[in-house]
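Q: Chains as they are written, first to last, in my numbering: chain A, 101 to 460; chain B, 101 to 460; chain C, 101 to 460; chain D, 101 to 460.
Calculated directly from the structure, the hints in this document are not laboratory data.
Cβ atoms here follow ideal geometry from the backbone N, Cα and C, with glycine treated the same way.
Do not rely on the hints blindly, as some may be mistaken.
[Claimed, not checked] Restraint-style ranges between C-beta atoms, simulated for each label pair:
{"no.": "1", "chain 1": "D", "residue 1": "P419", "chain 2": "C", "residue 2": "R298", "range": "34 to 40 Å"}
{"no.": "2", "chain 1": "C", "residue 1": "R158", "chain 2": "B", "residue 2": "T136", "range": "26 to 32 Å"}
{"no.": "3", "chain 1": "D", "residue 1": "R377", "chain 2": "C", "residue 2": "A142", "range": "40 to 46 Å"}
{"no.": "4", "chain 1": "D", "residue 1": "A287", "chain 2": "C", "residue 2": "E295", "range": "22 to 28 Å"}
{"no.": "5", "chain 1": "C", "residue 1": "S354", "chain 2": "A", "residue 2": "A173", "range": "51 to 57 Å"}
{"no.": "6", "chain 1": "B", "residue 1": "G150", "chain 2": "A", "residue 2": "G262", "range": "56 to 62 Å"}
{"no.": "7", "chain 1": "C", "residue 1": "A266", "chain 2": "D", "residue 2": "R377", "range": "55 to 61 Å"}
{"no.": "8", "chain 1": "D", "residue 1": "A287", "chain 2": "C", "residue 2": "K219", "range": "49 to 55 Å"}
{"no.": "9", "chain 1": "C", "residue 1": "D145", "chain 2": "D", "residue 2": "G304", "range": "51 to 57 Å"}
{"no.": "10", "chain 1": "A", "residue 1": "R377", "chain 2": "B", "residue 2": "T136", "range": "46 to 52 Å"}
{"no.": "11", "chain 1": "B", "residue 1": "Q362", "chain 2": "A", "residue 2": "E138", "range": "56 to 62 Å"}
{"no.": "12", "chain 1": "D", "residue 1": "R377", "chain 2": "C", "residue 2": "D145", "range": "38 to 44 Å"}
{"no.": "13", "chain 1": "B", "residue 1": "A266", "chain 2": "A", "residue 2": "R377", "range": "56 to 62 Å"}
{"no.": "14", "chain 1": "C", "residue 1": "H417", "chain 2": "B", "residue 2": "A142", "range": "39 to 45 Å"}
4 protein chains.
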Amino acid sequence: MSSSFGSIFKISTWGESHGAGVGVVVDGCPAGVHLTREMIQAELDRRRPGQSDLTTPRKEADTVEILSGVQDATTLGTPIGLLVRNQDQRPSAYKEMETAYRPSHADFCYDAKYGLRAKSGGGRASARETIGRVAAGTVAKAVVQAICPELEILAWVESVHGISCAVQPHLVTRAAVESNPVRTADAAAAEQMAELIRRVRAQGDSVGGTIACTIRRCPAGLGDPVFDKLEATLAHAMMSLPACKGFELGSGFSAPSMLGSQHNDPYYMEGDRVRTRTNNSGGVQGGISNGEDINMRLAFKPTATIMLDQETVTSDHQPTQLRGKGRHDPCVLPRAVPIVEAMAYLVVCDHLLRQRCCRI
Amino acid sequence: MSSSFGSIFKISTWGESHGAGVGVVVDGCPAGVHLTREMIQAELDRRRPGQSDLTTPRKEADTVEILSGVQDATTLGTPIGLLVRNQDQRPSAYKEMETAYRPSHADFCYDAKYGLRAKSGGGRASARETIGRVAAGTVAKAVVQAICPELEILAWVESVHGISCAVQPHLVTRAAVESNPVRTADAAAAEQMAELIRRVRAQGDSVGGTIACTIRRCPAGLGDPVFDKLEATLAHAMMSLPACKGFELGSGFSAPSMLGSQHNDPYYMEGDRVRTRTNNSGGVQGGISNGEDINMRLAFKPTATIMLDQETVTSDHQPTQLRGKGRHDPCVLPRAVPIVEAMAYLVVCDHLLRQRCCRI
Amino acid sequence: MSSSFGSIFKISTWGESHGAGVGVVVDGCPAGVHLTREMIQAELDRRRPGQSDLTTPRKEADTVEILSGVQDATTLGTPIGLLVRNQDQRPSAYKEMETAYRPSHADFCYDAKYGLRAKSGGGRASARETIGRVAAGTVAKAVVQAICPELEILAWVESVHGISCAVQPHLVTRAAVESNPVRTADAAAAEQMAELIRRVRAQGDSVGGTIACTIRRCPAGLGDPVFDKLEATLAHAMMSLPACKGFELGSGFSAPSMLGSQHNDPYYMEGDRVRTRTNNSGGVQGGISNGEDINMRLAFKPTATIMLDQETVTSDHQPTQLRGKGRHDPCVLPRAVPIVEAMAYLVVCDHLLRQRCCRI
Amino acid sequence: MSSSFGSIFKISTWGESHGAGVGVVVDGCPAGVHLTREMIQAELDRRRPGQSDLTTPRKEADTVEILSGVQDATTLGTPIGLLVRNQDQRPSAYKEMETAYRPSHADFCYDAKYGLRAKSGGGRASARETIGRVAAGTVAKAVVQAICPELEILAWVESVHGISCAVQPHLVTRAAVESNPVRTADAAAAEQMAELIRRVRAQGDSVGGTIACTIRRCPAGLGDPVFDKLEATLAHAMMSLPACKGFELGSGFSAPSMLGSQHNDPYYMEGDRVRTRTNNSGGVQGGISNGEDINMRLAFKPTATIMLDQETVTSDHQPTQLRGKGRHDPCVLPRAVPIVEAMAYLVVCDHLLRQRCCRI
């Protein structure tokens with residue numbers, strides 16, 4: 101049950117980091133949507149390792165193959181199978197891990213849960229699992245754009261270990277974000293962040309940060325009351341990402357610093373459109389979108405793999421020391437940006453389809 | 101689809117604020133669990149309006165009836181139907197709202213979604229909907245206690261509009277929390293918070309705050325990898341609560357301020373138990389519990405209903421002024437504490453049952 | 101998980117035969133559908149005990165209450181809670197059953213599954229459970245009629261223990277079916293069937309038969325390929341009815357007697373509509389409706405409760421004799437007709453809503 | 101939603117007949133189950149085309165690759181991805197079909213549903229889709245055998261167009277079934293059936309028949325009351341198979357010929373085991389297994405593709421004639437036997453896992 105997401109637009113990912121490959125089946129994609137291998141590959145290239153000197157030097161092309169569900173660049177309405185073969189497998193780099201639990205990794209927990217685990221690498225806990233999310237997210241994006249061409253989802257690195265991007269959320273552009281390898285929206289901050297990441301990597305250490313994500317021109321009415329509120333499904337999606345430790349919508353953790361009279365978003369008319377003067381709600385009220393920008397913030401912890409000695413225990417409960425040996429990102433955030441966007445598209449796509457059934 | 105939660109232990113709530121009643125069906129509860137009406141009533145009494153001078157003065161007994169699934173104080177394994185009749189209905193208090201959209205309420209969004217909405221009160225967006233959650237949460241608690249008698253879930257008000265409780269999470273006791281009407285863990289803070297809430301109410305305004313929740317003595321191995329990570333399902337549960345704007349696990353939004361070498365939780369042996377020296381992970385790694393305390397924090401916005409004039413528009417798009425008239429809580433947090441615990445029990449119960457299927 | 105049905109239009113029934121009541125929650129019903137208590141009550145009256153001298157003489161009004169989700173005779177889009185109180189409880193009639201397993205009843209199986217069971221009556225295995233199905237089916241019917249006003253679902257008793265109705269399926273009318281207490285389509289057969297049922301009851305015995313069900317003017321395109329084929333979900337629905345032992349679509353078990361050249365349904369044009377000259381397919385090809393009548397047949401076994409001595413064992417494994425003592429139907433078919441229609445409406449309603457998401 | 105099956109042990113198939121391949125993702129398989137590629141291949145070889153002179157002469161090796169979820173011949177508890185590449189693609193053979201609707205095929209219905217369809221072959225309606233079912237069924241079988249080593253599922257061809265196998269269900273052995281290419285249990289009938297199939301093929305025509313399936317030594321207590329009764333989920337599984345037109349459990353359509361006093365299965369003690377003297381119930385009462393053999397019968401229609409001229413219309417609604425040109429089975433039953441067993445294993449496996457959650 102663990103590897104499916106969505107209610108109508110439903111995805112099912114599979115694959116270990118060091119097996120034959122990783123992939124996803126997208127079930128519930130409407131027929132008639134324009135979709136090509138290149139569209140999916142382009143997003144995978146944004147999350148690929150080795151894309152800049154800030155990421156892991158591992159070289160993996162992550163070439164996607166469409167196995168089913170698409171013909172003549174058009175979805176058939178049937179399940180879309182997507183496959184990315186694993187290539188750069190170095191199980192030897194993980195030899196030591198077979199016995200020692202890597203701190204703040206999932207090794208111990210998998211053993212506790214299943215009584216066994218994938219021998220090398222993180223298995224399903226590997227960041228490679230997110231390939232299926234990004235591939236499926238591209239399909240979701242194609243559906244969303246076919247239904248709501250004006251809707252746009254944009255994520256960017258808002259801060260890295262104390263260095264923040266100063267640009268206002270509604271002014272951030274994709275061009276600005278993609279113009280620097282950190283994927284922040286502010287060139288000056290980008291340079292500082294990059295420098296910090298390089299310095300921390302040189303020390304064998306790692307850093308985290310925050311990612312902001314906005315959904316623009318989302319129609320009002322999206323999201324279900326009660327359990328599948330728009331923000332609840334977005335939080336589910338985002339908190340399921342490796343290393344994500346916190347989720348905020350709109351005012352988030354700063355909400356308690358305001359009085360109700362300050363926090364409430366007054367309604368007014370802009371032409372014939374009902375709008376709010378402020379957006380502390382973050383575009384969602386009662387779990388349902390109100391047409392304003394849907395603004396989220398996510399906290400990511402520093403990468404767990406560091407090239408420094410750490411105290412730990414072996415799987416047979418002996419104290420030991422462990423030092424990271426794989427090739428890892430000192431900061432996951434630049435590559436996490438397309439993953440966050442993919443998750444947001446998956447949620448929005450599912451709610452757009454649900455929406456078709458809410459009125460007679 | 102909006103009103104169901106859980107995968108094996110599945111609940112389905114129903115009911116509008118001003119209809120015949122509210123309730124829940126619990127499907128997937130194992131047979132043989134000790135459960136009485138009184139156990140459920142006790143939790144409902146903790147969320148009931150009118151329980152202290154800090155809450156709405158509305159008087160509603162919220163008496164629960166068990167309609168099915170229980171015999172001789174034992175669950176039958178069949179669906180448990182629970183019903184609470186609505187009593188204190190004053191649709192007249194909501195007359196004005198039928199036309200004017202209350203700021204930061206769901207009125208406008210329901211209209212946008214459904215093309216119509218419950219005439220009076222918040223309908224499904226009313227806090228009365230949480231009665232079903234608390235009732236079902238009590239059933240979940242009974243199941244959890246039957247499977248893991250030592251497991252304990254405890255929530256408390258950590259801060260109200262800047263006033264914080266100083267007690268360390270692992271030292272908080274239920275007795276301390278229940279000893280004051282704010283449901284915070286620190287008597288001195290409780291007094292200050294209560295005073296603040298009274299003052300704000302006198303001004304016709306409202307305040308928010310943060311609630312902390314901890315799950316103690318949770319067995320290692322709970323939670324699914326990938327999409328249904330323990331923290332993802334907890335975030336889904338909590339962010340589906342009315343007024344909740346943010347969710348953190350462990351280090352949360354303070355994670356980015358640490359380096360990987362500071363954030364990683366080293367493993368060591370405590371007798372024959374694998375433990376971590378720090379708990380920045382918040383008791384979960386790779387989506388699976390590691391046996392340490394599972395620590396969450398939630399941000400709640402100030403109550404949307406305030407007794408002050410606010411700018412808004414009518415449903416036929418005319419500008420107007422609106423002033424709250426119902427009897428509402430100036431601060432939802434004291435009554436939200438049992439609701440947060442209920443949601444945490446629902447998530448843990450579902451994962452405990454899922455867990456039975458993860459190994460041969 | 102056992103008590104939910106449907107994917108978008110989802111129902112969840114609850115209730116034991118001798119508890120407080122039985123009912124259902126309908127989740128996923130679109131907003132804006134005309135629905136009244138009287139519409140639901142009318143269908144419940146068709147399945148009610150005591151409606152004719154052919155059914156159990158138990159008197160139960162089975163009065164339904166709408167608890168939520170409906171306002172001014174219009175659905176709100178929120179869950180519809182429906183409740184029917186149990187009235188005529190005679191647990192004493194079931195005293196003996198607490199220890200002796202009734203042959204071909206579910207007593208033994210419930211014990212085997214749960215380790216305990218409802219003390220009196222059949223608990224969830226009671227035919228009273230179908231009240232929730234019929235109530236929810238009426239909601240489904242209202243939705244179907246709002247989307248496809250011309251679509252009609254009609255079921256009737258086709259045979260009782262060898263006595264058959266001679267009317268061709270496409271000529272059967274609701275008026276004819278409702279004109280006799282057996283609910284068959286042929287007045288002469290109705291008289292013979294009624295006589296047989298009375299005679300069998302006088303002997304303390306029981307009979308079964310077959311029910312036919314047709315879905316007329318169903319639009320082409322309904323049903324999902326692969327697992328949720330229209331006939332697969334219909335079979336699931338019907339085979340979940342108490343006493344149902346077989347399901348056929350179209351040619352059914354007579355298909356093997358034909359050659360492919362005889363069984364294939366040739367296409368031709370009727371005006372601008374694609375039609376088939378024969379309908380061995382039963383209105384469904386590849387799991388998807390083709391616009392022809394969807395014809396099903398169901399086999400029902402004789403009622404398990406008979407007023408004759410039967411060999412059995414007690415729950416502590418002692419041989420014993422048992423003779424039925426409750427007041428039961430000697431033939432379930434007349435009352436099963438509205439239940440079969442309800443199940444068909446539930447399936448069709450769900451597929452009509454699913455259909456809204458299959459194309460962009 | 102159409103391509104998933106199961107609640108805890110959940111499979112998701114994908115693939116068109118003439119695309120890159122077909123496959124399945126198995127989610128919810130417990131960790132620690134012995135599973136090899138060879139085990140899966142062996143079952144696929146039983147359904148493979150070209151295995152005898154009674155089946156289509158198409159040569160497809162249908163070689164399966166395990167993409168994930170298995171390590172050292174042991175399941176990891178993570179999703180198991182299985183892939184079979186398509187090899188013998190002859191889209192040219194299907195040229196005519198692009199415009200003319202094949203009678204009793206799904207071409208017209210796919211167009212009606214999706215507004216487009218896979219250009220060549222049956223797309224998802226192709227029998228190739230069942231490869232994923234058989235592959236996943238083998239995983240299910242491995243799980244079932246690990247939990248219940250004594251449980252056995254066996255299917256066989258019971259009749260072909262009037263020629264029946266005379267062996268009693270409880271006497272049928274796998275050895276007997278696999279000893280002849282028809283997969284019936286009686287050597288004499290096998291010869292007659294084979295001859296009939298060859299003769300019908302020579303005429304360009306096709307035949308159907310019935311398949312029996314029995315589940316032996318199933319523990320009592322399996323299956324859920326109400327909607328997911330064991331027979332309801334079995335019927336769903338079987339009626340989702342291409343060409344299946346009818347489903348019976350136990351007495352099935354012969355139930356109405358008996359009186360209740362004849363149909364009821366008296367209980368008696370066999371040592372310390374509760375047994376029934378007859379088995380008209382077919383091993384299931386109230387939706388729950390009672391420990392007796394679970395006996396089913398399925399009706400299959402004659403293959404729709406025949407090498408004879410047939411009346412039909414084109415997709416632009418012109419009358420035309422069509423004659424089958426691909427290489428097809430004149431009788432699907434011999435190859436359907438392993439598919440029926442696979443579906444039964446999928447259902448039983450899911451219920452065995454559900455069962456773990458039904459008691460405290």
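Q: Does each hint fit the structure? Answer for all of them.
A: Hints, verified against the model:
1. For P419(D) and R298(C), the hinted distance range of 34 to 40 Å is not satisfied, since their beta carbons lie about 54 Å from each other.
2. For R158(C) paired with T136(B), a C-beta distance near 31 Å keeps the hint of 26 to 32 Å intact.
3. For the pair R377(D) and A142(C), the supplied restraint of 40 to 46 Å holds, since their beta-carbon distance comes to about 44 Å.
4. For the pair A287(D) and E295(C), the beta carbons lie near 49 Å from each other, so the given range of 22 to 28 Å is not met.
5. Checked against the hint of 51 to 57 Å, the pair S354(C) and A173(A) fails, with Cβ atoms roughly 45 Å apart.
6. A beta carbon spacing of about 47 Å between G150(B) and G262(A) contradicts the range 56 to 62 Å that was offered as a hint.
7. Take A266(C) and R377(D): their Cβ atoms lie about 37 Å apart, and the range 55 to 61 Å is violated.
8. About 54 Å separates the C-beta atoms of A287(D) and K219(C), a value consistent with the hinted range of 49 to 55 Å.
9. Here the CB-CB span from D145(C) to G304(D) is close to 55 Å, well matched to the stated 51 to 57 Å.
10. Remark: the range hint 46 to 52 Å for R377(A) to T136(B) is upheld by a beta-carbon distance near 50 Å.
11. In this structure, Q362(B) and E138(A) break the distance hint of 56 to 62 Å, their C-beta atoms being roughly 42 Å apart.
12. At roughly 40 Å, the beta-carbon separation of R377(D) and D145(C) lies within the given 38 to 44 Å, and the hint holds.
13. Roughly 37 Å separates the CB atoms of A266(B) and R377(A), a value that falls outside the hinted 56 to 62 Å.
14. The hint said 39 to 45 Å for the Cβ distance between H417(C) and A142(B), and at roughly 41 Å that hint holds.
Consistency note: the structure conflicts with the earlier hints numbered 1, 4, 5, 6, 7, 11, 13.
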